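Undergrad: Protein chains in written order, with the working numbering: chain A, 2 to 231; chain B, 2 to 328.
These are calculated hints, taken from the structure and not from any lab test.
On a predicted model such as this, the values are computed, not experimentally measured, just so you know.
We put the CB at the ideal spot given by N, CA and C, even for glycine.
There could be a bad hint or two in this list.
Pairwise CB distance ranges, derived in the manner of DEER restraints [as the list claims (entries may be wrong)]:
{"hint": "1", "chain 1": "A", "residue 1": "Leu143", "chain 2": "B", "residue 2": "Asn52", "range": "20 to 26 Å"}
{"hint": "2", "chain 1": "B", "residue 1": "Ser136", "chain 2": "A", "residue 2": "Lys220", "range": "22 to 28 Å"}
{"hint": "3", "chain 1": "B", "residue 1": "Gly248", "chain 2": "A", "residue 2": "Val227", "range": "57 to 63 Å"}
{"hint": "4", "chain 1": "A", "residue 1": "Tyr84", "chain 2": "B", "residue 2": "Pro33", "range": "42 to 48 Å"}
{"hint": "5", "chain 1": "A", "residue 1": "Lys230", "chain 2": "B", "residue 2": "Thr297", "range": "33 to 39 Å"}
{"hint": "6", "chain 1": "B", "residue 1": "Gly102", "chain 2": "A", "residue 2": "Ala38", "range": "31 to 37 Å"}
{"hint": "7", "chain 1": "A", "residue 1": "Met53", "chain 2": "B", "residue 2": "Ala261", "range": "47 to 53 Å"}
{"hint": "8", "chain 1": "B", "residue 1": "Glu233", "chain 2": "A", "residue 2": "Phe133", "range": "24 to 30 Å"}
{"hint": "9", "chain 1": "B", "residue 1": "Gly251", "chain 2": "A", "residue 2": "Arg87", "range": "26 to 32 Å"}
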Amino acid sequence: MTRYIKRHTLQTRITHDVTVIACILLAISGLFVFVPALNNLLPSSATFAIRMAHRVLGIVFIAVPLISAILAPKGVKHLLSNYFARWDKDDVTFIKRFLPYMLGPKRVHMPDQHEVKSGQRLADGVLFLAGFLIAISGVFLLVGTTFVTLDAGLMLFMRLAHDVAFVLFAVFGIAHIYLGAGVFQPYRRMGKTMFGNGMISESDALYHWGHWARETIEKGDKVVEVEDKK
Amino acid sequence: MADYAIFFDSSKCTACKGCQVACKCWNQLPSPLGLNANKPTHSYQSPLDLNGDTRIIIHFEENDNDKLWGVNWSFGRRSCMHCYDPACASVCPSGALAVDGETGFVRVSESKCIGCKYCKSACPFDVPRYHGAQSKINKCTGCLDRIANGGPVSINGGTGQTQAQFSVPACVHSCPPGALKFGPRDEMLRLAHERVAYLKAHEIDPSPHASVYGEDQLNGTHVVMVLKYPVETYGLPANPQVNPLTGLLGLMKPLTGLAAAATVAGLGISFLTGLGYKRDKMHYDEKKHEQVDLDTGEVLWRSDAVPGPAGDEDGEKDARPAKKGGK
Numbered sequence: 002m003t004r005y006i007k008r009h010t011l012q013t014r015i016t017h018d019v020t021v022i023a024c025i026l027l028a029i030s031g032l033f034v035f036v037p038a039l040n041n042l043l044p045s046s047a048t049f050a051i052r053m054a055h056r057v058l059g060i061v062f063i064a065v066p067l068i069s070a071i072l073a074p075k076g077v078k079h080l081l082s083n084y085f086a087r088w089d090k091d092d093v094t095f096i097k098r099f100l101p102y103m104l105g106p107k108r109v110h111m112p113d114q115h116e117v118k119s120g121q122r123l124a125d126g127v128l129f130l131a132g133f134l135i136a137i138s139g140v141f142l143l144v145g146t147t148f149v150t151l152d153a154g155l156m157l158f159m160r161l162a163h164d165v166a167f168v169l170f171a172v173f174g175i176a177h178i179y180l181g182a183g184v185f186q187p188y189r190r191m192g193k194t195m196f197g198n199g200m201i202s203e204s205d206a207l208y209h210w211g212h213w214a215r216e217t218i219e220k221g222d223k224v225v226e227v228e229d230k231k
Numbered sequence: 002m003a004d005y006a007i008f009f010d011s012s013k014c015t016a017c018k019g020c021q022v023a024c025k026c027w028n029q030l031p032s033p034l035g036l037n038a039n040k041p042t043h044s045y046q047s048p049l050d051l052n053g054d055t056r057i058i059i060h061f062e063e064n065d066n067d068k069l070w071g072v073n074w075s076f077g078r079r080s081c082m083h084c085y086d087p088a089c090a091s092v093c094p095s096g097a098l099a100v101d102g103e104t105g106f107v108r109v110s111e112s113k114c115i116g117c118k119y120c121k122s123a124c125p126f127d128v129p130r131y132h133g134a135q136s137k138i139n140k141c142t143g144c145l146d147r148i149a150n151g152g153p154v155s156i157n158g159g160t161g162q163t164q165a166q167f168s169v170p171a172c173v174h175s176c177p178p179g180a181l182k183f184g185p186r187d188e189m190l191r192l193a194h195e196r197v198a199y200l201k202a203h204e205i206d207p208s209p210h211a212s213v214y215g216e217d218q219l220n221g222t223h224v225v226m227v228l229k230y231p232v233e234t235y236g237l238p239a240n241p242q243v244n245p246l247t248g249l250l251g252l253m254k255p256l257t258g259l260a261a262a263a264t265v266a267g268l269g270i271s272f273l274t275g276l277g278y279k280r281d282k283m284h285y286d287e288k289k290h291e292q293v294d295l296d297t298g299e300v301l302w303r304s305d306a307v308p309g310p311a312g313d314e315d316g317e318k319d320a321r322p323a324k325k326g327g328k
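Bound-form chain B, shown alone (with noise of 0.2 Å):
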């Protein structure tokens, strides 16, 4: 499988947000254009979380940095990490989420969504998000359509390559600054490691704290993100995991189908010994306290509280036949 991934240097970024509007400009999604339609934020976040039209928002956060003028003004990616096990695809039910071949990203197919919601469950960073009114799951798809048509090219970050228009996701293809890059994973985290290392050497602004994301993250993900700040300041969990719940999830479906079919050939194996059988029609006379063969005459039993030829002292119990009801 090709190995592809999105590169995004937070230090790069303006937090202009052309990537937000390029992916909904490319994938038909809407904004609400209603007078004072998105509820405020009170940030410079817009949308404030992911939603069902809203498939990647630019994470703002302001941190003291502990010097006299400025802050440390974080500008994090929030979309699909695209996993390299994606815990999303292995509970979607429907095979809905599946691993795209060509890429390694996690792709959606719409038609065969059912809108369970599974995935927004399994996924350790909170991105599915359902569209009430297509009763469909919504997330970034890694432009896979874009990608098709002009082939995944490599991307020679720093060196003015052009990227070819329809080989590039719609956000990275629509970042000023060349925040975001897209190519080859192991050519990304190249990328992600000289800027990591460029970022602690500044001699003048020096950031201790940088580091690369999605490299190690859940055994790796196809976003790979340089990030100038700790972590936590960028909306991201600093360890993802995945619930275990979902490893047993994936165990259901086999164990049921096991159960089921042990359950069928046990009882298929019951009914070819049952077959031929022949019940014996019975009576019970209540006033002689005693039931019958029809067939045969045979008292078959004879209450205790009743004395006789085939209740003595034991009564009941031995009145009661070895063979009863059957042959």
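In isolation and in its complexed conformation, chain A is listed as follows (with noise of 0.2 Å):
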């Protein structure tokens, strides 16, 4: 027998995941608007059609999140509650051994975390904000070349947020599909949590979210016991 814990619902994956998809999928298409090479190579209909997509693709992009947030007030309560949950020793320990560890995971040893690795804090609260710019930015682009004349001073500038926020999207986009999915050799089997059933082995909580693992499983409610397949 296995123990599980259940640690997202099946609304926070499906958000998740959408959005990861949209994600992936507008940065390929807007690769195809940001470079000329990669736009050159098609001819200018499917270009259009990718530059469309890019538009609906942004749509879904934010369209989803706020469903969600909408339809679960209380998740996202908790959320940010523990996303600006007070920084503890263990949390501060992680930030400082985080890049040796990265660097050299057999030699550095990371202190337990609550639900929220404080590093994820960071990083998601990069995510976060780079996700605001990007979308913000990318309504006033949408809105001012499709619906009406904007100030073309305004429109530059939405359009370097647009670019300044795909840098941090992109550099820290890419760390955490390098997290999320498990590539990093201590993060096998973290791609399954959020795409998968949502739930983690009680090893692999304990290892990543001690505090909160144990807290967890000290309550009992979100605990699941699956036998072992042969």
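Take the two lone chains, each set in its own frame, and fit them into one complex as the hints suggest.
TA: As structure tokens, then:
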């Protein structure tokens, strides 16, 4: 028997996964707008279709988290309480050891963490901010190039904001995928949590979020026992 | 790079709009044909502004001349100025706008245009216009196709030299009073300065405000104008400026590439150092409040609420091993 902890609800996973897919497709379609060499590989009708797809995907990127937040206000409150939780000594130690750990996980050992790691709070915080900036600037660019004529300076500023947000999104998004999809050896099987059934094994939970795992197991309501496959 | 320019002399322009018609004919740009299809402009200017099918318009403006009779009637040319360092081309993400190596004009490759309108935002003269139905940007190309057919020729203004039919832009070819010319930029500038000197020194109707426009503005443009009256009366900015954000936008592509490459490289190193990492299998006994390594049986953590061999006064601190969870 292996014990699992329910970490993410179905709604959380759907919101996350649809947003991730939208992000990846937005990045790919955005590259065809951003890089002339890629754009020139395709006929103009194809690049036009890609540009229109970028807009539709942008709406998905904005609408899905918004709808999800409206449907689950308690979840939003829980999320915010985790992200703005007061940092303890372990949180600070985690950040101090993060870079050495990433470059030598066999030598460096990380302290126990609460439901959201301190590093996760920082990195996801940047992703949230970049996402917010890219969404706002994207709306201005969409509206200003489709429905109304906006001030030229404002449009240039929004484009710069879109590009700056994309740099942040690209850097932190790649790192997020590296860790979240379990490419990094110590993070193996992490991808199944968000893209699978939302559960994490007891052992993995104790490794990543020691404080949270023990508290959750003590409460017992989110613990599931599954018979091992032979 | 060869350096050519379109010369426009506002003091000779009669505002016949032949240039507008010639531009539309050569470039096959339609005009509205329905009854009252053009919105009234309350002016001889028509249409009121550039649009997706109109690359050039003659700007009309009447001003008091401080005399008892007549007005100062400014006829201006409103079209692409073909800047030396075109902001439109620098922000164009698809490479649809680029400087033509033969003439210095800003060419438009329609097949590359993705209709993002960034050029419209960046242009200090507010010239590029979006053609909604085609989802393309439309602006003066300097009739590079005509010029390429005949090859650029030197136009000796005032000597009566015939211009080859397909060697000059359509607007220049059509201009009845010779207000438009085309040729090497140096020569066009020389003509412009000669004309300005003439206008200023005119014995009957001197023009003290006469000036050359396009020589110094934005480090020079490939449209050189002789303006008889103050610049503003021609619908032109006296001191056009490129928005500094366009320069920053130019940095974003290399910066993004560099940042992404550095991230991937750093994570690649991280991946290599993590190869072979094996994580211990752990279990938490909620009754004993102990976290144990399932392979070795070692107690890795014990609640400070539970006194015992692995948890003394410091409890949790001492119970926590130096090595946790992996090797």
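Undergrad: Where does the structure disagree with the numbered hints, that is, which hint numbers, in rising order?
TA: 2, 4, 5, 6, 7, 8 and 9
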